[in-house]
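J.: This is what each chain is made of:
Protein chains: 2
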Amino acid sequence: MITIRDVAAAAGVSVGTVSKVLNNMYVKPNNRKKVETAIQDLGYQVNTYAQGLRAQQTYTVAVIVPDLVNPFFALLVNYVEQVLAAVGYRLLVCNSHCNADRELAYINMAKQNKVDGLISISYSNMDEYLEADIPFVSIDRHFRYPICCVSSDNDMGGRLAAQKFIDTGCRNVIYIRNGSRLLGETLKRGKSFMEVCERAGVNASGMDFGEETTLTRQQIRKIYDFLEHSVRDGRLIYDGIFTSSDVHAVAVERKLRDMNIRIPEDVQIIGYDGLRVLNTGDYAVSSIAQPVKDMAVACVDALVKMIEKKPVEDGVILPVRFVDGGTTR
Amino acid sequence: MITIRDVAAAAGVSVGTVSKVLNNMYVKPNNRKKVETAIQDLGYQVNTYAQGLRAQQTYTVAVIVPDLVNPFFALLVNYVEQVLAAVGYRLLVCNSHCNADRELAYINMAKQNKVDGLISISYSNMDEYLEADIPFVSIDRHFRYPICCVSSDNDMGGRLAAQKFIDTGCRNVIYIRNGSRLLGETLKRGKSFMEVCERAGVNASGMDFGEETTLTRQQIRKIYDFLEHSVRDGRLIYDGIFTSSDVHAVAVERKLRDMNIRIPEDVQIIGYDGLRVLNTGDYAVSSIAQPVKDMAVACVDALVKMIEKKPVEDGVILPVRFVDGGTTR
Chain A
29 MITIRDVAAA
39 AGVSVGTVSK
49 VLNNMYVKPN
59 NRKKVETAIQ
69 DLGYQVNTYA
79 QGLRAQQTYT
89 VAVIVPDLVN
99 PFFALLVNYV
109 EQVLAAVGYR
119 LLVCNSHCNA
129 DRELAYINMA
139 KQNKVDGLIS
149 ISYSNMDEYL
159 EADIPFVSID
169 RHFRYPICCV
179 SSDNDMGGRL
189 AAQKFIDTGC
199 RNVIYIRNGS
209 RLLGETLKRG
219 KSFMEVCERA
229 GVNASGMDFG
239 EETTLTRQQI
249 RKIYDFLEHS
259 VRDGRLIYDG
269 IFTSSDVHAV
279 AVERKLRDMN
289 IRIPEDVQII
299 GYDGLRVLNT
309 GDYAVSSIAQ
319 PVKDMAVACV
329 DALVKMIEKK
339 PVEDGVILPV
349 RFVDGGTTR
Chain B
29 MITIRDVAAA
39 AGVSVGTVSK
49 VLNNMYVKPN
59 NRKKVETAIQ
69 DLGYQVNTYA
79 QGLRAQQTYT
89 VAVIVPDLVN
99 PFFALLVNYV
109 EQVLAAVGYR
119 LLVCNSHCNA
129 DRELAYINMA
139 KQNKVDGLIS
149 ISYSNMDEYL
159 EADIPFVSID
169 RHFRYPICCV
179 SSDNDMGGRL
189 AAQKFIDTGC
199 RNVIYIRNGS
209 RLLGETLKRG
219 KSFMEVCERA
229 GVNASGMDFG
239 EETTLTRQQI
249 RKIYDFLEHS
259 VRDGRLIYDG
269 IFTSSDVHAV
279 AVERKLRDMN
289 IRIPEDVQII
299 GYDGLRVLNT
309 GDYAVSSIAQ
319 PVKDMAVACV
329 DALVKMIEKK
339 PVEDGVILPV
349 RFVDGGTTR
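Here the protein sequences come in this chain order: A and B.
Yeah, the first sequence ends on 357 if you go by the numbering used here, and it's all consecutive.
Yeah, the second sequence ends on 357 if you go by the numbering used here, and it's all consecutive.
Just so you know, the hints here were simulated from the structure itself, not pulled from any lab data.
You may find that some hints are simply not true.
Identical copies carry no separate label here, and so any pair may be met within one copy or between two of them.
Simulated crosslink set (DMTMM-like; lysine to aspartate or glutamate; CA at most 20 Å straight-line) [claimed, not checked]: (1) Lys321 x Asp95; (2) Lys61 x Asp129; (3) Lys250 x Glu226.
Please take these sequences and the hints and turn them into a complete structure.
T.: In structure tokens form, the structure reads like this:
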């Protein structure tokens, strides 16, 4: 009887490549043709084998993000899909809207081998549902278990923003954030920012607009309100505003413009993410740019290693850089 | 023996809801609890039934888009996922990068019942691979078969852009596009734009930058080059530029600003899509806004009907509107 190994040998490709062709995964057109020719030449019976192979692995990975409205999440998913496809995996996308129930459904799929693994930006309390043997890569967030965490260098990001404000003579700065207060890398953005400012004698405060990760209309209104009430004698009391994301920074810039406050002359703004207008234009604001493509590569690299039962590092921290988007001097 | 119907009756929910719980689909937390309680109370054996149910349907749908870098595609996928999740389906995302092989792999999955259906923005020549009985919803694109096509009112979009230029006294306008020339709704953008302009005595031309759907760096450079060579006696020869997407319009605006051409005083720009800066700020440019959320709802509605063997309309065309993003007078 002809086996999958015979097909691989005849086609001059690996057994994995034949398996991918049988399962309609992406394979280089050239290799696909070789495999199809070998299958025809040898008269290989596809179906039974294909099903046998499928039972072991689904070649499907799920990514959990809060939404695809924030362009940072959309870019991350874009690159994760691209890198996964290149190694023969398909991608299920779960927009959790920070709903823990939706996230749990996908964790259960992993437990039942309906997906091979998970990549997650999650802010839910799901420590107790994770198990050590699920291939799981976390972005930014730490868990009770030693789970592989990929992030940008948030500590460095906070320091770069602080240094920019110090170097340009700011005297009274503020960090504006919202999002989870669960233990994670992103908390370091504000922490190191305020520490560096204070050490340099610059007055620094922090404003926390709540635990919701997605910036809702209500939260934007709260930020607007806060800015309106931060005026004394016709002038904004802050001369430097650092925000936890570029989406926040764009909201701040829009409101200050409406209030006829000059940017960057009267107040400077630095966001976090390094997003460009429609992802192709200029930087939306001055920002700390995360290496989103490298983060996607690191996530997929770690996850595939886990699926293949190979050892992985506990954490991957990737460098950030300051980018000038016209809202700083 | 306890059946799934007994569980549904005891929990006071439909058989479909029990099936979703067994398959880890999203179910309202309240209903999930009722089903789990009924399963325990009755001592229902989950696994065998769950597998039996799964064989019929995967509750998984694939969406094919060129990429998630263009925010229009990312928003569309965001809403498609949201609407699908509400009716108990998961979403596989395929970024085709206009590679027909990748699209075909997902069409084959549908043929083999590995996904229940497809929603596709495709510009590949895949007419011959589609079959009448695959649940398939196309966005913008027509096929040889009568396949359900969801789009915005591209004819209206072209007319709105033309009317704006006519009303503000433009004399020499141009339509700049790239993307597939295969039969589809988007071709109407330029066609009706030019017809309306010409009928009003406004000189209108069209510039086609090739078949690639994604605006690559090379294509942006071509647009820059074209604009640089469209200057006579220190002035741009066009006073109105309409583009096939907002991403194009942002590229045009950036280049003209670098050339010290005043927008909207010397030249007006209108894009297509209606995207906001980082999806939350101001409109990136003046534009024809597509109702992206309504389009997602229409796609899912039609697809689920097809999966359930119910009749659907051949085409859904949704209204567009002009939005002022500061690049028009």
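J.: Regarding Lys61 and Asp129, is the shortest C-alpha distance of 20 Å or less found within a copy, between copies, in both, or in neither?
T.: Close across copies (12 Å), not inside one copy (43 Å); limit 20 Å.
J.: At most 20 Å between alpha carbons: which applies to Lys250 and Glu226, within, between, both or neither?
T.: neither (26 Å within a copy, 49 Å between copies)
J.: Cα distance capped at 20 Å. Does Lys321 pair with Asp95 within a copy, between copies, both, or neither?
T.: Both: 18 Å inside a copy, 14 Å across copies.
Going through the hint list in order, the structure does not satisfy hint 3, though it satisfies all others.
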